[in-house]
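For the record, the sequence lines run as chains C and Z.
Going by the working numbering, the first sequence wraps up at 361, each residue one higher than the last.
Going by the working numbering, the second sequence wraps up at 361, each residue one higher than the last.
Worth double-checking, as some hints may not be accurate.
Copies of one chain are not kept apart here, so a pair can be met inside one copy or by any two copies together.
What the hints assert, rightly or not - Think about it this way: if two alpha-carbon atoms lie no more than 20 Å apart in a straight line, the pair counts; the simulated SDA-like pairs of lysine to any residue are:
no., residue 1, residue 2
1, K216, M56
2, K228, E291
3, K218, Q112
4, K106, N219
5, K133, D232
6, K266, G277
7, K106, P305
8, K312, A278
9, K318, Q31
10, K138, A278
If you're looking for bench data, these hints aren't it; they were derived computationally from the structure.
One-letter residues, chain by chain:
Number of protein chains: 2
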Amino acid sequence: MVKRNVNFNPGPAALPLDVLNIVREELINYQSSGMSILESSHRAKEFEAINDQTIMLVRELLGLGADYHVLFLGGGASTQFALIPMNFIGDGKMAAYVDTGEFAAKALKECQIVAKAHVAFSSKEEQYRRVPKMSEIKYPEDIAYLHVCSNNTIEGTQFREFPNTGSVPLVADMSSDIASRWLDYRKFSMIYAGAQKNLGVAGVTLLLIHDDFLAKRKNGLPTILSYKTHADKKSLYNTPPIFGVYIMKLVLEWIKSKGGLAGMGKINAAKKDLLYGAIDAAPDFYKGTAEKDSRSWMNVTLRLPTQDMEDKFIADAKKEGLIGLKGHRSVGGIRFSIYNAVSLVDIQKAVEFMGKFHKSC
Amino acid sequence: MVKRNVNFNPGPAALPLDVLNIVREELINYQSSGMSILESSHRAKEFEAINDQTIMLVRELLGLGADYHVLFLGGGASTQFALIPMNFIGDGKMAAYVDTGEFAAKALKECQIVAKAHVAFSSKEEQYRRVPKMSEIKYPEDIAYLHVCSNNTIEGTQFREFPNTGSVPLVADMSSDIASRWLDYRKFSMIYAGAQKNLGVAGVTLLLIHDDFLAKRKNGLPTILSYKTHADKKSLYNTPPIFGVYIMKLVLEWIKSKGGLAGMGKINAAKKDLLYGAIDAAPDFYKGTAEKDSRSWMNVTLRLPTQDMEDKFIADAKKEGLIGLKGHRSVGGIRFSIYNAVSLVDIQKAVEFMGKFHKSC
Numbered sequence: 001m002v003k004r005n006v007n008f009n010p011g012p013a014a015l016p017l018d019v020l021n022i023v024r025e026e027l028i029n030y031q032s033s034g035m036s037i038l039e040s041s042h043r044a045k046e047f048e049a050i051n052d053q054t055i056m057l058v059r060e061l062l063g064l065g066a067d068y069h070v071l072f073l074g075g076g077a078s079t080q081f082a083l084i085p086m087n088f089i090g091d092g093k094m095a096a097y098v099d100t101g102e103f104a105a106k107a108l109k110e111c112q113i114v115a116k117a118h119v120a121f122s123s124k125e126e127q128y129r130r131v132p133k134m135s136e137i138k139y140p141e142d143i144a145y146l147h148v149c150s151n152n153t154i155e156g157t158q159f160r161e162f163p164n165t166g167s168v169p170l171v172a173d174m175s176s177d178i179a180s181r182w183l184d185y186r187k188f189s190m191i192y193a194g195a196q197k198n199l200g201v202a203g204v205t206l207l208l209i210h211d212d213f214l215a216k217r218k219n220g221l222p223t224i225l226s227y228k229t230h231a232d233k234k235s236l237y238n239t240p241p242i243f244g245v246y247i248m249k250l251v252l253e254w255i256k257s258k259g260g261l262a263g264m265g266k267i268n269a270a271k272k273d274l275l276y277g278a279i280d281a282a283p284d285f286y287k288g289t290a291e292k293d294s295r296s297w298m299n300v301t302l303r304l305p306t307q308d309m310e311d312k313f314i315a316d317a318k319k320e321g322l323i324g325l326k327g328h329r330s331v332g333g334i335r336f337s338i339y340n341a342v343s344l345v346d347i348q349k350a351v352e353f354m355g356k357f358h359k360s361c
Numbered sequence: 001m002v003k004r005n006v007n008f009n010p011g012p013a014a015l016p017l018d019v020l021n022i023v024r025e026e027l028i029n030y031q032s033s034g035m036s037i038l039e040s041s042h043r044a045k046e047f048e049a050i051n052d053q054t055i056m057l058v059r060e061l062l063g064l065g066a067d068y069h070v071l072f073l074g075g076g077a078s079t080q081f082a083l084i085p086m087n088f089i090g091d092g093k094m095a096a097y098v099d100t101g102e103f104a105a106k107a108l109k110e111c112q113i114v115a116k117a118h119v120a121f122s123s124k125e126e127q128y129r130r131v132p133k134m135s136e137i138k139y140p141e142d143i144a145y146l147h148v149c150s151n152n153t154i155e156g157t158q159f160r161e162f163p164n165t166g167s168v169p170l171v172a173d174m175s176s177d178i179a180s181r182w183l184d185y186r187k188f189s190m191i192y193a194g195a196q197k198n199l200g201v202a203g204v205t206l207l208l209i210h211d212d213f214l215a216k217r218k219n220g221l222p223t224i225l226s227y228k229t230h231a232d233k234k235s236l237y238n239t240p241p242i243f244g245v246y247i248m249k250l251v252l253e254w255i256k257s258k259g260g261l262a263g264m265g266k267i268n269a270a271k272k273d274l275l276y277g278a279i280d281a282a283p284d285f286y287k288g289t290a291e292k293d294s295r296s297w298m299n300v301t302l303r304l305p306t307q308d309m310e311d312k313f314i315a316d317a318k319k320e321g322l323i324g325l326k327g328h329r330s331v332g333g334i335r336f337s338i339y340n341a342v343s344l345v346d347i348q349k350a351v352e353f354m355g356k357f358h359k360s361c
């Protein structure tokens with residue numbers, strides 16, 4: 001048995017050991033093809049099968065039909081911050097953004113470089129401790145789209161419901177909570193997510209774009225920057241990030257084996273209940289930073305009474321094999337990132353450590 | 001022993017078995033870190049060391065100093081077709097392009113979408129059977145840069161020398177021949193190359209940008225589309241394609257063990273001599289498609305007397321474990337892609353098969 005740490009990294013993050021074992025097993029000779037999947041042409045039947053199966057698994061697990069294009073692109077979610085306004089905001093139009101954290105604000109800023117943006121809500125003045133109530137989101141009716149970030153990785157907040165936007169397309173960055181729970185993904189005209197948190201490894205970004213939204217795109221962009229190019233070729237216009245798509249397929253199959261998104265959501269609910277329970281049981285020592293209604297099920301952020309204690313917490317945890325607990329450099333503190341591949345047993349270990357650490361102080 | 005095919009895929013392509021074995025060995029527990037490199041944060045010391053070492057290896061092997069930024073980006077070389085003119089052609093200026101094949105023409109076309117382009121040479125009318133003599137390349141003196149594609153993967157041609165452009169920055173797409181031979185890489189203001197041919201796996205593109213050229217960039221681009229962003233952060237502005245950089249490091253170490261680019265170039269020269277020798281020994285049967293002076297050392301393209309014979313050649317070769325030989329769909333015929341990881345022994349097997357096949361016809 002290999003000694004493995006409990007990995008609370010915020011992304012790239014833990015992968016299911018079952019998935020890593022399959023990757024290892026197949027690495028030199030992929031399914032008797034006489035070569036590694038890393039050496040397969042993207043035009044070979046081996047990879048085309050992976051591409052097609054991954055598209056089908058995404059649609060099946062998220063409850064989407066063929067009216068959604070499923071794309072696998074390089075460049076990270078940050079690239080989409082620029083490409084979304086470039087593709088979808090026509091001359092003289094604008095889009096609206098909900099500003100709930102550092103990444104939401106980055107998306108907004110990129111939009112402002114290429115077009116006009118309306119801020120539909122911001123919790124910046126409240127140190128991003130919460131997401132809005134639906135009634136607080138305000139925007140003009142003729143916008144190109146409304147953009148939200150469903151889970152704020154750095155700040156530890158998450159949307160539990162999403163606005164009904166009627167004819168206004170709703171676009172979501174779901175990098176840090178996609179496929180972690182069941183919800184009506186059909187509410188969204190576009191969803192995008194870097195794979196390195198809940199869907200696999202860094203280097204591939206999943207995009208879901210409804211056909212009606214894609215039809216509203218602008219023309220005249222460089223070929224590679226237009227979503228139409230990739231939608232028309234099922235992400236095979238140029239060489240795709242093959243290994244990332246392959247791992248995404250394995251992770252989706254693993255999620256399916258856990259009962260799909262409903263099953264995954266139950267496990268994630270039990271995990272967050274246990275961890276927030278430990279925080280709330282010692283509120284003078286473990287101080288959750290997000291408002292309770294806005295707490296994320298994926299990134300659990302907290303402070304301790306002093307920074308020295310936080311440093312000791314992180315160092316002591318590491319000795320016990322609990323790693324990746326340092327809060328983002330912009331906010332400090334402690335952060336447990338508990339994506340799909342972190343198990344309930346992992347959380348039990350963390351909670352046990354928290355009790356022990358508190359007593360020792 | 002695992003049965004491995006001889007892989008002549010044009011990219012993604014063969015990897016050194018030594019590299020695959022290291023990846024497999026380290027996959028579950030990277031250097032006693034208690035996790036896979038696939039699970040490492042890009043801010044962790046494990047990955048920062050890989051990033052720094054890969055930068056140093058690139059500079060060492062290619063003979064470049066700290067005046068070249070070494071970047072690892074997602075999106076493929078095709079993304080650079082758009083980003084280069086977006087970053088470097090100022091208002092009212094233009095760039096010049098040498099049109100020697102399908103990918104060179106794609107780069108030109110993307111430039112024409114965002115700016116003006118001058119065609120400095122084209123062999124399109126000659127079915128791209130050759131690259132230019134240096135004296136044939138003509139362009140106005142005030143262009144932003146001159147763009148060449150050093151090796152034409154589809155057409156099987158390659159530059160053996162490069163123009164002296166004086167104060168005009170020289171930019172090269174070296175996707176299919178980077179690190180395959182020693183040359184003065186310092187002639188270039190910018191070099192870019194998808195990794196999936198000579199440097200590893202799909203999903204990461206190597207960029208080398210001289211500081212003086214970067215200083216000439218335009219401002220006002222979306223953050224993620226500006227090369228300055230990535231140069232300032234050593235490719236760590238957003239999550240990089242971690243696995244691709246890790247593999248590139250292993251491939252560069254493998255190249256170093258072969259005597260660096262001088263050693264690699266000798267091996268590649270012996271490989272192409274053997275393969276072109278077999279073609280030229282039966283010129284009425286094996287017809288090389290590139291003009292002799294322009295022949296590529298990386299992609300050896302040929303036709304047989306009939307398409308039926310070509311189909312049989314590919315099918316019979318496959319039975320002997322020689323795969324990836326079908327010419328690109330746009331030109332047909334046979335193509336041996338013989339990048340760094342294809343060995344001289346592999347070529348001997350191919351040549352032996354060619355002799356046998358010819359006799360059987």
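Hints, verified against the model:
Taking the shortest Cα distances, K216 and M56 never come within 20 Å of each other, neither inside one copy (25 Å) nor across copies (46 Å). In this homomeric assembly, K228 and E291 never come within 20 Å of each other (Cα to Cα): the closest approach is 40 Å inside a single copy and 38 Å across copies. In this assembly of identical chains, K218 and Q112 lie within 20 Å of each other by CA distance both inside one copy and across copies; the values are 17 Å within and 18 Å between. For the identical chains of this complex, K106 and N219 are inter-copy neighbours only, at 18 Å across copies versus 25 Å inside a copy, given an alpha-carbon limit of 20 Å.
Within a single copy, K133 and D232 get their C-alpha atoms no closer than 38 Å, and across copies no closer than 38 Å, so neither meets the 20 Å cut-off. Only within a single protomer do K266 and G277 lie at most 20 Å apart by alpha-carbon distance; the minimum there is 16 Å, versus 65 Å between protomers. In this assembly of identical chains, K106 and P305 lie within 20 Å of each other by CA distance neither inside one copy nor across copies; the values are 30 Å within and 59 Å between. Taking the shortest Cα distances, K312 and A278 sit within 20 Å of each other inside one copy (18 Å), while across copies they are farther apart (68 Å).
Taking CA atoms no more than 20 Å apart as the test, K318 paired with Q31 passes between copies only; the shortest distance there is 17 Å, against 38 Å inside one copy. Taking the closest pair of Cα atoms, K138 and A278 never come within 20 Å of each other, the shortest separation being 36 Å inside a single copy and 72 Å across copies.
Violation of the numbered hints given earlier is confined to hints 1, 2, 5, 7, 10; the remaining hints are satisfied by the structure.
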